[in-house]
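Student: Given the sequences, and given the hints that come with them, work out the whole structure.
2 protein chains.
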Amino acid sequence: MCICAHISVCVLHVHTTIYDQENFQGKRLEFTSACQNIMECGVDNIRSLKVECGAWAGYEHSSFCGQQFVLERGEYPHWESWSGSNAYHIERMMSFRPICSANHKESKMVLFEKENFMGRQWEVNDDYPSLQAMGWGNNEIGSMQVQSGAWVCYQFPGYRGYQYIMECDRHGGEYKHYREWGSHAQSFQVQSLRRIQQ
Amino acid sequence: MCICAHISVCVLHVHTTIYDQENFQGKRLEFTSACQNIMECGVDNIRSLKVECGAWAGYEHSSFCGQQFVLERGEYPHWESWSGSNAYHIERMMSFRPICSANHKESKMVLFEKENFMGRQWEVNDDYPSLQAMGWGNNEIGSMQVQSGAWVCYQFPGYRGYQYIMECDRHGGEYKHYREWGSHAQSFQVQSLRRIQQ
Numbered sequence: 001m002c003i004c005a006h007i008s009v010c011v012l013h014v015h016t017t018i019y020d021q022e023n024f025q026g027k028r029l030e031f032t033s034a035c036q037n038i039m040e041c042g043v044d045n046i047r048s049l050k051v052e053c054g055a056w057a058g059y060e061h062s063s064f065c066g067q068q069f070v071l072e073r074g075e076y077p078h079w080e081s082w083s084g085s086n087a088y089h090i091e092r093m094m095s096f097r098p099i100c101s102a103n104h105k106e107s108k109m110v111l112f113e114k115e116n117f118m119g120r121q122w123e124v125n126d127d128y129p130s131l132q133a134m135g136w137g138n139n140e141i142g143s144m145q146v147q148s149g150a151w152v153c154y155q156f157p158g159y160r161g162y163q164y165i166m167e168c169d170r171h172g173g174e175y176k177h178y179r180e181w182g183s184h185a186q187s188f189q190v191q192s193l194r195r196i197q198q
Numbered sequence: 001m002c003i004c005a006h007i008s009v010c011v012l013h014v015h016t017t018i019y020d021q022e023n024f025q026g027k028r029l030e031f032t033s034a035c036q037n038i039m040e041c042g043v044d045n046i047r048s049l050k051v052e053c054g055a056w057a058g059y060e061h062s063s064f065c066g067q068q069f070v071l072e073r074g075e076y077p078h079w080e081s082w083s084g085s086n087a088y089h090i091e092r093m094m095s096f097r098p099i100c101s102a103n104h105k106e107s108k109m110v111l112f113e114k115e116n117f118m119g120r121q122w123e124v125n126d127d128y129p130s131l132q133a134m135g136w137g138n139n140e141i142g143s144m145q146v147q148s149g150a151w152v153c154y155q156f157p158g159y160r161g162y163q164y165i166m167e168c169d170r171h172g173g174e175y176k177h178y179r180e181w182g183s184h185a186q187s188f189q190v191q192s193l194r195r196i197q198q
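Chains as they are written, first to last, in our numbering: chain A, 1 to 198; chain B, 1 to 198.
Calculated from the structure, these hints are not laboratory results. Glycine included, every Cβ here is placed at the ideal spot set by N, Cα and C. Any given hint could turn out to be false.
As the list claims (entries may be wrong) - Listed below are several chain B residues computed to face chain A (Cβ distance under 8 Å; list not exhaustive):
{"hint": "1", "residue": "S130"}
{"hint": "2", "residue": "R160"}
{"hint": "3", "residue": "G172"}
{"hint": "4", "residue": "Q191"}
Unchecked claim - The calculated EDC-like cross-link candidates involving lysine to aspartate or glutamate, where the alpha carbons are at most 20 Å apart (straight line), are:
{"hint": "5", "chain 1": "B", "residue 1": "K27", "chain 2": "B", "residue 2": "D44"}
{"hint": "6", "chain 1": "B", "residue 1": "K105", "chain 2": "A", "residue 2": "D126"}
{"hint": "7", "chain 1": "B", "residue 1": "K50", "chain 2": "A", "residue 2": "E140"}
{"hint": "8", "chain 1": "B", "residue 1": "K105", "chain 2": "A", "residue 2": "E40"}
{"hint": "9", "chain 1": "B", "residue 1": "K50", "chain 2": "B", "residue 2": "E22"}
{"hint": "10", "chain 1": "B", "residue 1": "K176", "chain 2": "B", "residue 2": "E123"}
{"hint": "11", "chain 1": "A", "residue 1": "K50", "chain 2": "A", "residue 2": "E91"}
{"hint": "12", "chain 1": "B", "residue 1": "K105", "chain 2": "B", "residue 2": "E123"}
{"hint": "13", "chain 1": "A", "residue 1": "K176", "chain 2": "A", "residue 2": "E115"}
{"hint": "14", "chain 1": "A", "residue 1": "K108", "chain 2": "A", "residue 2": "E140"}
{"hint": "15", "chain 1": "B", "residue 1": "K108", "chain 2": "B", "residue 2": "D126"}
{"hint": "16", "chain 1": "A", "residue 1": "K27", "chain 2": "A", "residue 2": "E52"}
{"hint": "17", "chain 1": "A", "residue 1": "K108", "chain 2": "A", "residue 2": "E52"}
{"hint": "18", "chain 1": "A", "residue 1": "K108", "chain 2": "B", "residue 2": "D126"}
{"hint": "19", "chain 1": "A", "residue 1": "K105", "chain 2": "B", "residue 2": "E113"}
{"hint": "20", "chain 1": "B", "residue 1": "K176", "chain 2": "B", "residue 2": "E113"}
{"hint": "21", "chain 1": "B", "residue 1": "K108", "chain 2": "B", "residue 2": "E22"}
{"hint": "22", "chain 1": "A", "residue 1": "K105", "chain 2": "B", "residue 2": "D126"}
{"hint": "23", "chain 1": "A", "residue 1": "K50", "chain 2": "B", "residue 2": "E140"}
{"hint": "24", "chain 1": "A", "residue 1": "K27", "chain 2": "A", "residue 2": "E40"}
{"hint": "25", "chain 1": "B", "residue 1": "K27", "chain 2": "B", "residue 2": "E91"}
{"hint": "26", "chain 1": "A", "residue 1": "K114", "chain 2": "A", "residue 2": "E174"}
{"hint": "27", "chain 1": "B", "residue 1": "K108", "chain 2": "A", "residue 2": "D126"}
Tutor: This is the structure in structure tokens:
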């Protein structure tokens, strides 16, 4: 299962430069919109990149599938600099696309204890490096409804582990079960989350 | 050089449980204050942990030296779940201590373009997953002055890479050069930073 579906239609001022070697070396390509398969551009893998403008989602596989990586403005010299500290080190990024996020102050999401929007619920509009520290009862979230903006959820506290990108303008903002969080999601475990900024 | 110096004197309600095997297995020990050398407790390394209360700083070596890791409330089943996505995988945590942070809304720090509090400056009181996206000119910070609370700075955007813990009640809150950020700091590179919450 992929979270691919459609390319975002919101018009964004975005710009990123990718390199096929670490430390901004080797073949270099510039992008101002999504790339569904980097191999079609004559590059076998992305090994470093600079985000000049906007927020992007990077993916392990082509067509926006597999492990997800949030990419915000700045310099990423190697795979370790954008990955989420996982035991699962595949070191591949084959596709990427801009993320359409809301005004930072207006981002809003509802968390549900159980899948299918059941159980205890909690509306969030801020960044949470530890959900448990802020009162959430356990280390799992059953389902999520994004009402505004784009968010990234993480397996572990302090924004570590697998990343799950949740957007208002995808799936109608509805993520009923971890199977809808991305093809790499294997459990309901989420211990930190934050808003994505442009 | 160590950032050790003294054990924090602020009285905190803190609690953490460490295990000498991954996934909360093996020998188990509970702590409500700092531990300067886990080997003195009969454990050769910390391989998983649960923070039940408070925020903590974990260290690669004994006596609060080496690579730093912020630990907030939640469950950490293996080294990868608290490390900062570094190429440098030593997989050791030998000491830890509570962090005394301010009321989250009152945290304040001044960033300086150059070392010794020189050059352009910028007062921050929020979390910044990308400093460049918020207007900071490059991928480095020359020096920092913590006026309130505790902060964590990261090499790469999105809270990745080496972690540097900066505290109001250590060094008088003054970090004049990267050599004062911790024994593992090798450059001025900082691309994201955030407040530490209890």
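Student: Give a verdict on every hint.
Tutor: Verification of the supplied hints:
| no. | hint | result |
| --- | --- | --- |
| 1 | S130 | holds, 4 Å |
| 2 | R160 | holds, 6 Å |
| 3 | G172 | violated, 26 Å |
| 4 | Q191 | holds, 4 Å |
| 5 | B:K27 x B:D44 | holds, 10 Å |
| 6 | B:K105 x A:D126 | holds, 12 Å |
| 7 | B:K50 x A:E140 | holds, 15 Å |
| 8 | B:K105 x A:E40 | violated, 48 Å |
| 9 | B:K50 x B:E22 | holds, 11 Å |
| 10 | B:K176 x B:E123 | holds, 16 Å |
| 11 | A:K50 x A:E91 | holds, 17 Å |
| 12 | B:K105 x B:E123 | holds, 14 Å |
| 13 | A:K176 x A:E115 | holds, 6 Å |
| 14 | A:K108 x A:E140 | holds, 19 Å |
| 15 | B:K108 x B:D126 | holds, 8 Å |
| 16 | A:K27 x A:E52 | holds, 18 Å |
| 17 | A:K108 x A:E52 | violated, 26 Å |
| 18 | A:K108 x B:D126 | holds, 18 Å |
| 19 | A:K105 x B:E113 | violated, 27 Å |
| 20 | B:K176 x B:E113 | holds, 11 Å |
| 21 | B:K108 x B:E22 | violated, 36 Å |
| 22 | A:K105 x B:D126 | holds, 12 Å |
| 23 | A:K50 x B:E140 | holds, 15 Å |
| 24 | A:K27 x A:E40 | holds, 14 Å |
| 25 | B:K27 x B:E91 | holds, 18 Å |
| 26 | A:K114 x A:E174 | holds, 13 Å |
| 27 | B:K108 x A:D126 | holds, 18 Å |
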